[in-house]
Every structure is written in structure tokens, then in C-alpha cells.
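> Chain by chain, the residues run as shown.
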Amino acid sequence: MENLSRDSVDNIARYLPGKDRLSLALCSKSSFEGVRRKLEFKVLAREQPEAIRILHKRWGRGPGRENFVKWMISGNGEVVVVVDWNFKKREIVVDRIGIPENKVSSSLLIQSGGYGGHFSAELSYSGTILAIVAMDYYNEQRDLFDLHICRVTSSKIHVIASHMLNEATAEIVFSRSEKYIAVAAKTKALILSSGGETLFTKRDSSWINLRVAFTKREELLVFSNDGSRTAGRESSSYQMRMSSPPFDTLVRLPSIPGTEQGTCRARLSSNGMLIVYYEQRQLYEVFDVNAGSSGYRSCLRSCIDSNIRITPFMPNLFISYEVVRTVQALYLNNICVLLSYRILLGTILEGRQVHGMDLFYGASRRPQQAAESNNT
Amino acid sequence: MTEKGRIVKMVSQDQEEFEVEYGVATMSTLIANVLQDVSEETTTVPIPNVNAQVLAKVIEYCRYHYEAKRIDQSEEDIERWNKDFMKVDNKTLFNILIAASFLDIADLLDLGCKTVAGMIKDKSVEQIRELFCIEGDFTEEQEAKMREENNWGSEMSQENNAAQ
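So the sequence lines, in the order shown, correspond to chains A and B.
Using UniProt numbering, read the first sequence as starting at 1 and increasing by one per residue.
Using UniProt numbering, read the second sequence as starting at 1 and increasing by one per residue.
Chain A with its partners taken away, still in its complex shape:
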């Protein structure tokens, strides 16, 4: 091992998931040097910002305008999953694309798509578990959703569990170890095991704008506005609740300072960071919820654009300040092209500093834009 060239060790690391890469890196200084560049997807994103351009060909029938497509990339950047909801045909097509092979390695057709209106999907960090939501079509009723948990491998994608939900799904989050999957519906939070088994369900009709996340210790965080759903209004009461494995209780945590002063929006990151955006004050504040589980440590406060997003796999890369062009997939003659987008990211380092980062993913232009500029 010690005699292997740096390139060979780098090549070995290509085939390893993040945690194994780190184990290899920690073996010795020379193995660390070989793995270093592969250790963090973050580093790759920074150093090779042109990273992703994928050509996705779908054989067989052509997708129509009724389709909705979501592209997801795994945390290690090595798996791309494309979920394509065809509400007209009531089908969901899932394709797994391996990176850097850039080829569809496995596919799945689920014939349980609904009549439209809602779709959602999330891919786990390792790219091996996929949760898909689609409107159920059996009863032709609105507000009945199929939630499918799929196991994704390079050779096969298969549904390991399915649940029917009677509320629209707002959010799907994986815990760090991927043991648990949290699903936030309109007024309901549930936790599934990675095998799709229901471990916890809690419903409260007063919950509005429900957000769920897991802390570093795999506790479930539930953030909500405890308003009046019947009146359709948010109240000034924002609550944070927590449940620890085996998830038999949901404990209310102290109120988040500042939330009583008006409408706010919150995002929870996968490492237990809470970002609250106070709409009236146009101010956001970052709290560390892991600071003792019973309180919050304010890490950062700043004025910012309201467009707050947290990257699910890089918890300290947390906000897109400005999206110049959003990620989208465009179908042209059955060829799906991931269009370029420009995004600005903010980084929290040690809970204090913020660094802006300007990333370009891809440099391709929309074909019509290219044609326009060629004409001029």
C-alpha cells in the first residue's frame, strides 16, 4: 500500500464512500496524501466548480409536458438519481446515473403515479436510499399520497416499502447514519427506519409550516408554527420539539429567541443548525441546537436575502444567497440536459464566520440562448 503512487490511492478512494475514505486517510500520512483530494466533496466543488454536466438519455417513450423531473446528487457526488413523474401515464421512472461513468446503471418504473399536483423525492447521503412521494391514483382522490422507499444500487433499484399518506409531504430528511428517514407532511411528522418501517408518527392539527431535521446525535427536531389552521393564519408562537431514539416522546424545547416578534421562516440543517429568517426585520440568525439539547447557542446574525437554503449533505455550506439560474433539466429530442446554474454559497466556520463563495456548475447555455447569441 505504501508503495502505491498517489494517483493509485486517489483511484482507490474513487470507489469508496466518504466514511471509508476518511478511514483510509487516517491510516498514515502517505495514504492521507493520496486520499486528500477525494476526502471532501466540498473540496472538489471548490476546486472543480465546473463539476457536473450530465447527458441523460431516456429510451422508449418520450416524456411529455406533463412530466416533472427532479435531479438529485448523493453526498459523495458519485451518484445522480433522476426521478421523472409522468402524471398523465401515472408512472414514475427512476434512473440512477453513476459518476464519473455518466451512464444510467439501473432504472425503476413505478406504476403508482397520480393525477398531478404534488411530487417530492430525496436521496440519501450515500445515494443508496431514495424516498419518493407521488399522488396515489387508486382512489382518484386528492390528498392521498404514496410514499415509496427504494434501495438504489448500481445494478438494481427496488421499492422496499410503501406507505400511504393522507397529507401533502413538505420535507423528507435522512439522518446522518441513514438509519432513519423523517417525513414532514402538512400536520404530521413521521420517522421511518431505513428499511421503510414506521417508527414514530405524531400529528397535530395546529402545526403550520412544519420542518423536520435530525441532529448530530440523530435526535429528531420538529419546528412549527403553532397557529390556527382553521383560520389559516400563523400565530406568533413558533415551537421547537425534539424526540430521541427510540422516538416514543416528543419534548418541547424552549422558545427560540426572537421568533415571537413576527413572522419567520426556518430551515434546519442536517447537523442540527437552525437558521431562522425574521421576515419583518430582514434578518437571519443561526442557532446551534446541539448546544446542550435544551437551549440554543446563537452563532451568527446577519441581514440577508430571504432565499435561504441548506445543502443537505454539507451542513456548514448553508445558504444560497442568489440563484442566478436554477438547476433544471431540459428535454430535447429525448435527451435530458442538466442546465448550468450559478449559485452563491455561504459557509459557517466554527459557528462564527461567513464566507461567500461563487460557484459555477457547468458552463452550458440554453440552446436557444446560444442560438440567439450566435445570431447577433
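Among the clues, some could well be false.
To be verified - Dumping the calculated SDA-like pairs for lysine to any residue here, alpha-carbon to alpha-carbon at most 25 Å: (1) Lys156(A) x Asp122(B); (2) Lys216(A) x Ser126(A); (3) Lys91(B) x Arg6(A); (4) Lys216(A) x Glu130(B); (5) Lys87(B) x Ile134(B); (6) Lys29(A) x Arg129(B); (7) Lys83(B) x Gly118(B); (8) Lys123(B) x Gly98(A); (9) Lys121(B) x Ser154(A); (10) Lys83(B) x Tyr15(A); (11) Lys29(A) x Lys87(B); (12) Lys70(A) x Arg36(A); (13) Lys29(A) x Glu19(B); (14) Lys83(B) x Arg129(B); (15) Lys216(A) x Lys114(B); (16) Lys9(B) x Glu19(B); (17) Lys29(A) x Ile134(B); (18) Lys114(B) x Glu130(B); (19) Lys87(B) x Arg14(A); (20) Lys103(A) x Lys123(B); (21) Lys88(A) x Gln111(A); (22) Lys29(A) x Ile59(B); (23) Lys70(A) x Lys88(A); (24) Lys83(B) x Thr128(A); (25) Lys121(B) x Thr153(A); (26) Lys9(B) x Glu79(B); (27) Lys121(B) x Glu167(A); (28) Lys88(A) x Ile99(A); (29) Lys114(B) x Lys70(A); (30) Lys70(A) x Asp95(A); (31) Lys70(A) x Asp204(A); (32) Lys156(A) x Lys121(B); (33) Lys216(A) x Gln239(A); (34) Lys156(A) x Ser120(A).
These aren't lab readings, by the way, just hints derived from the structure by calculation.
Add chain B to chain A, keeping to what the hints say.
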């Protein structure tokens, strides 16, 4: 002489000679480049960094894959053969990797790396060190710092270690 009938003599580090068909030998980019730069009469290529045992394995790989491509062997058969081919001791495996890297045979290098990666998967740092006889040279502080800097992976590794 046509390239089809051309035979290349590869000489290992320990002076053993291997006669190999031109198409098989040029699966190594290094050898292909060497043969391009010399006259057609030159048939001997010294491989000073690779011993006879390892060179024989590398030639076995190249022969099989050259033939597999020629007869359009099925992917499953090739995969099965590759798996069997890689059933060697660690020392030979790493020597094959070094030889593949030196001779610039990308597919063999990839196969070797994939095999090593498969052996590393889900193992703790200590288990990897033991498996590949690596001597750890990080201080505890350095190791802790690295784990902290890459906290996502480290926490999962620690959990794995604890589970084991």
C-alpha cells in the same frame, strides 16, 4: 512485418523473457509508445520495474481481455474472470497495481483499485492498517484534528468502530 504477426519480447526485472503478441503487448500504453518510437526490427522491451511473477499475471490479464474483445465475450463472463483473476494475496495485488500503473494499463489499474476499495469498505482504521501492514504515523492530536475537520465522515467511522 505486419503488426498482426508481430511478436514482442518483454523482459522482466529478473531477466525472464515473455513472448507476447503485438496486440496484447500494446494494451499497455507505455509499451505501445515505446514500440512506436523504435524501428520494427526491435522486438525486445525491458520492463525493469516488474518481476517475472507479476509480469506473467499482467500478460495473462492482457491476453484474456484482448481475446475477450476479439470474440465479443459477454460482460458477465468478463466480470467473473476479473473476479477470479484478482483472487491473489495482498502483496501480489499491490504489485499488480504498481505494474499496471507503470505499464499504463488503465483497465487493470481500475480493476485493482476497485478490488482494494472492496477490501477497505466498512473497515476501521486499525483493521485497514492491519490488513495492508501500514504503520500509523499520525499523532493522536493530528488524528483528532483530521476527524474534526471531516466531521461528517469521522462520526460515522467512530460509530462503525464502536459497533465493531
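> Look at each hint and say if it fits the structure.
Hints versus structure:
1. With a CA separation close to 21 Å, the supplied pair lysine 156(A) and aspartate 122(B) stays within the 25 Å bound.
2. Restraint check for lysine 216(A) and serine 126(A): the C-alpha separation of about 17 Å stays at or below 25 Å, so the hint holds.
3. Restraint check: the Cα-Cα separation between lysine 91(B) and arginine 6(A) comes to about 18 Å, which is no more than 25 Å; the hinted pair holds.
4. Pair hint lysine 216(A) plus glutamate 130(B) does not hold up; C-alpha atoms about 30 Å apart against a cutoff of 25 Å.
5. The suggested pairing of lysine 87(B) with isoleucine 134(B) holds, with an alpha-carbon distance near 21 Å, which does not exceed 25 Å.
6. Distance hint between lysine 29(A) and arginine 129(B) is fulfilled; the C-alpha atoms sit about 12 Å from each other, no more than 25 Å.
7. A threshold of 25 Å between alpha carbons decides the hint, and for lysine 83(B) with glycine 118(B) the separation of about 12 Å falls inside it, so the pair holds.
8. Restraint check for lysine 123(B) and glycine 98(A): the C-alpha separation of about 24 Å stays at or below 25 Å, so the hint holds.
9. Of the supplied pair hints, the one linking lysine 121(B) and serine 154(A) holds, its CA atoms being roughly 16 Å apart against a limit of 25 Å.
10. A hinted pair counts as satisfied when its Cα atoms are at most 25 Å apart, and lysine 83(B) with tyrosine 15(A) qualifies at roughly 16 Å.
11. A distance of roughly 28 Å separates the Cα atoms of lysine 29(A) and lysine 87(B); the hinted pair therefore is violated under the 25 Å criterion.
12. Between lysine 70(A) and arginine 36(A), the direct Cα distance comes to roughly 31 Å. Violation of the 25 Å bound is thereby established for this hinted pair.
13. Annotation: proposed proximity of lysine 29(A) to glutamate 19(B) is violated, straight-line Cα distance about 41 Å (limit 25 Å).
14. A C-alpha spacing of about 24 Å is found between lysine 83(B) and arginine 129(B), which places the hinted pair at or below 25 Å, so the restraint holds.
15. Annotation: proposed proximity of lysine 216(A) to lysine 114(B) is violated, straight-line Cα distance about 31 Å (limit 25 Å).
16. For the proposed pair lysine 9(B) and glutamate 19(B), the alpha carbon gap of about 5 Å is at most 25 Å, so the pair holds.
17. For the hint linking lysine 29(A) to isoleucine 134(B), the alpha-carbon distance of about 10 Å falls within 25 Å, and the restraint holds.
18. Between lysine 114(B) and glutamate 130(B), the direct Cα distance comes to roughly 19 Å. Compliance with the 25 Å bound is thereby established for this hinted pair.
19. For the hint pairing lysine 87(B) with arginine 14(A), the CA-to-CA distance comes to about 21 Å; that is within 25 Å, so the pair holds.
20. Taking the CA atoms of lysine 103(A) and lysine 123(B), the gap is about 29 Å. The hint is violated against a cut of 25 Å.
21. For the suggested pair lysine 88(A) and glutamine 111(A), the alpha carbons sit about 11 Å apart, so the restraint of at most 25 Å is met.
22. Taking the CA atoms of lysine 29(A) and isoleucine 59(B), the gap is about 33 Å. The hint is violated against a cut of 25 Å.
23. Of the pairs offered as hints, the one joining lysine 70(A) and lysine 88(A) holds, with about 17 Å between alpha carbons and a cut-off of 25 Å not exceeded.
24. For the given pair, lysine 83(B) sits about 23 Å from threonine 128(A) by alpha-carbon distance, which is consistent with the 25 Å threshold.
25. The suggested pairing of lysine 121(B) with threonine 153(A) holds, with an alpha-carbon distance near 15 Å, which does not exceed 25 Å.
26. Taking the CA atoms of lysine 9(B) and glutamate 79(B), the gap is about 29 Å. The hint is violated against a cut of 25 Å.
27. For the hint pairing lysine 121(B) with glutamate 167(A), the CA-to-CA distance comes to about 40 Å; that exceeds 25 Å, so the pair is violated.
28. For the hint pairing lysine 88(A) with isoleucine 99(A), the CA-to-CA distance comes to about 31 Å; that exceeds 25 Å, so the pair is violated.
29. For the given pair, lysine 114(B) sits about 30 Å from lysine 70(A) by alpha-carbon distance, which is inconsistent with the 25 Å threshold.
30. The hinted pair formed by lysine 70(A) and aspartate 95(A) meets the criterion: a straight-line CA distance of about 11 Å does not exceed 25 Å.
31. The straight-line distance between the Cα atoms of lysine 70(A) and aspartate 204(A) is roughly 30 Å, outside the 25 Å bound, and the hint therefore fails.
32. Proximity of lysine 156(A) to lysine 121(B) is assessed by CA-CA distance (about 20 Å); at most 25 Å being required, the pair is judged to hold.
33. Between lysine 216(A) and glutamine 239(A) the CA atoms are separated by roughly 20 Å; this keeps the pair inside 25 Å, and the hint holds.
34. Using a Cα cut-off of 25 Å, the hinted pair lysine 156(A) and serine 120(A) holds, with the two alpha carbons roughly 21 Å apart.
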